[in-house]
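Line by line, the protein sequences are chains G and C.
Last residue of the first sequence: 302 (the numbering used here), numbering continuous.
Last residue of the second sequence: 273 (the numbering used here), numbering continuous.
Hints listed in this document are in silico derivations from the structure and should not be mistaken for laboratory results.
Positions of the beta carbon are idealized from the N, C-alpha and C atoms, including for glycine.
Among the hints, erroneous ones may be present.
Chain G side only, calculated, beta carbon under 10 Å to chain C, not exhaustive [to be verified]: (1) THR25; (2) GLY27; (3) LEU28; (4) GLN38; (5) PRO43; (6) GLN48; (7) MET53; (8) VAL105; (9) ASP107; (10) ALA294; (11) ARG300.
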Amino acid sequence: MSVPAEAPGDLPEAAVRRMGEGAFTSGLTVPDFAACLQMGLEPVGFTQGYCVMNWQWYGMSPLGGGGFGYQWGGVRGYSETWNCPHGMVSAEHRSWGQNYEQSWVEDAWATGFSTAYARMLQEAASAGAHGIVGVVDSTSPLSDMGVVEFRLQGTAVRVIDGDPPADGRPWSTYLAGQRLTKLVEAGYAPVAVAASVASVGVWANCVTQYLSEGSNSMFGGATPGAEITQLVNAQMMARQIATQRVREQLGGDSLHGAAMTTVQHERGEGDVEVECVLRGNRVRRFREFDPMPAPRPTVRLL
Amino acid sequence: MTDTAGQPPEGPPQDLPEGASRRLAELENGLFTSDLSVNEFLLVKEAGFHPVGFVMGSSIYHTGIQTRKWGQSQELTKLTEAMYNARELAMTRMEEEALELGADGVVGVRLDVNYYEWGKDAAEFIAVGTAVKAENGVSHRNKLGKPFTSDLSGQDFWTLMQTGHVPQGLVMGTCVYHIAHRGLGATLGSAGQNVELPNFTQALYEARELAMTRMQDEANELDATGIVGVRLEEKSHQWGSHTIEFLSLGTAVVKTSDEVTLPRPTTIISLDN
Numbered sequence: 001m002s003v004p005a006e007a008p009g010d011l012p013e014a015a016v017r018r019m020g021e022g023a024f025t026s027g028l029t030v031p032d033f034a035a036c037l038q039m040g041l042e043p044v045g046f047t048q049g050y051c052v053m054n055w056q057w058y059g060m061s062p063l064g065g066g067g068f069g070y071q072w073g074g075v076r077g078y079s080e081t082w083n084c085p086h087g088m089v090s091a092e093h094r095s096w097g098q099n100y101e102q103s104w105v106e107d108a109w110a111t112g113f114s115t116a117y118a119r120m121l122q123e124a125a126s127a128g129a130h131g132i133v134g135v136v137d138s139t140s141p142l143s144d145m146g147v148v149e150f151r152l153q154g155t156a157v158r159v160i161d162g163d164p165p166a167d168g169r170p171w172s173t174y175l176a177g178q179r180l181t182k183l184v185e186a187g188y189a190p191v192a193v194a195a196s197v198a199s200v201g202v203w204a205n206c207v208t209q210y211l212s213e214g215s216n217s218m219f220g221g222a223t224p225g226a227e228i229t230q231l232v233n234a235q236m237m238a239r240q241i242a243t244q245r246v247r248e249q250l251g252g253d254s255l256h257g258a259a260m261t262t263v264q265h266e267r268g269e270g271d272v273e274v275e276c277v278l279r280g281n282r283v284r285r286f287r288e289f290d291p292m293p294a295p296r297p298t299v300r301l302l
Numbered sequence: 001m002t003d004t005a006g007q008p009p010e011g012p013p014q015d016l017p018e019g020a021s022r023r024l025a026e027l028e029n030g031l032f033t034s035d036l037s038v039n040e041f042l043l044v045k046e047a048g049f050h051p052v053g054f055v056m057g058s059s060i061y062h063t064g065i066q067t068r069k070w071g072q073s074q075e076l077t078k079l080t081e082a083m084y085n086a087r088e089l090a091m092t093r094m095e096e097e098a099l100e101l102g103a104d105g106v107v108g109v110r111l112d113v114n115y116y117e118w119g120k121d122a123a124e125f126i127a128v129g130t131a132v133k134a135e136n137g138v139s140h141r142n143k144l145g146k147p148f149t150s151d152l153s154g155q156d157f158w159t160l161m162q163t164g165h166v167p168q169g170l171v172m173g174t175c176v177y178h179i180a181h182r183g184l185g186a187t188l189g190s191a192g193q194n195v196e197l198p199n200f201t202q203a204l205y206e207a208r209e210l211a212m213t214r215m216q217d218e219a220n221e222l223d224a225t226g227i228v229g230v231r232l233e234e235k236s237h238q239w240g241s242h243t244i245e246f247l248s249l250g251t252a253v254v255k256t257s258d259e260v261t262l263p264r265p266t267t268i269i270s271l272d273n
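Just chain G, same shape as in the assembly (with noise of 0.2 Å):
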């Protein structure tokens, strides 16, 4: 996934009105906002950027086109085949699996990611604004619309007394208040919030479907239990590839805070979509770490 250099310009009305206003506004808890009060940064304005797209995850062709049925050539990123270790047995006996990166999900959910993003960071370069602070992402269906749309909100702040960002786009970070805090008291200076997913399509072949809807033996004996080799490889996968997208956003900078989440989404007889997001906050060391003073001990009044 990656963010467009230029934000679109095409934000309503209303928000370029709003963020015109006199009175800041802050979706930033009293503490956080007391901290970051604390270390120099005042709040400008609540930023929000938002991109309702068109999903389907399902039997989309990955060559584009809106084809339907499930693509078994041409996939791009990974795939990975098993074969049926009994033979023939009968016509409705799976001996062939698959499991296969899902790109077309992936590039639908970076264009919605980045676009509400963008959008953001534009309501907070309208206002004059330095960086975004406590950003909160998350992705909602709309109810039977059949759409998902993208949200991203932050509070936007300007550092007192310092430079706006040399290429005037506003830094990002998730973090906010006292967390913030002692990143930077630990070196570091936010650079961007990443984030990426990876989804995975499992085409179950027989031993998958048996494993995974609970009998151990297709023809009714007992067997130990055992590892469902093809779900375990696109857990893994998907988390690999998810990784590794973030690692190139992050060009020569770190990744502080990530936060891994993966979902499995059950289609019936073993076949599964595995869905793993991974967001974190990519920031630059700024000078050497300074130690903070030995914690003390202590009991609260709960």
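Dock chain C against the given chain G, drawing on the hints supplied.
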């Protein structure tokens, strides 16, 4: 109570139930009630205030209906007004109870909407909070001469005061918006493609921005310098999935000092489990 459905409130309603007046009269004798936790109570005291009573306001409102165009995204202004007026009535009644107690403000305000089986098209809007009064006798009422209101907890209230800001009022903006349905042509046109739907994006974006702008307008009326703890809530209530209320809420604050008196954070090891 007078029937004010559909009409914006003009001044504070002098229409508290008899039971409320009796309860508040008892509180004036020194006993106080509060929904603050013990920690909140201590920090409100530390900030120089003491609780004078638990206050509330309520309004049962018939929100009415408004015709929507199937294929057009639009704000439903009648519903927006109804949702706003109903909350405003509840808030004003809560403020009136606080005034009866001679309070300077109300902290920990919660705004809820409840629906009952006996009134399908009506909803009860409730505002509750703890009225507080400054211990040094200095008035902390806002520009309009009313007790300030805030949805901040006791801890947040104390922290905010240490940053040189004081609350002025709980401000809100609302927008009820109908999101257009997609026609057959548009649906077929995007079938099989994961692409942005700009009309949907613009409609949702516009609705949220309108709600936030209205909230900021309320803050400007109080001469606030900022709004903290802003949150955006979305609910379809009982209108179906394509009609959504966007509610923006936050506490308007004014800066009274440049000095941040919070102690410098120190690292700790908790000895609790």
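Hint check:
no.	hint	verdict
1	THR25	5 Å, holds
2	GLY27	5 Å, holds
3	LEU28	7 Å, holds
4	GLN38	5 Å, holds
5	PRO43	7 Å, holds
6	GLN48	7 Å, holds
7	MET53	6 Å, holds
8	VAL105	7 Å, holds
9	ASP107	7 Å, holds
10	ALA294	7 Å, holds
11	ARG300	5 Å, holds
Taken one by one, the earlier hints all hold for this structure without exception.
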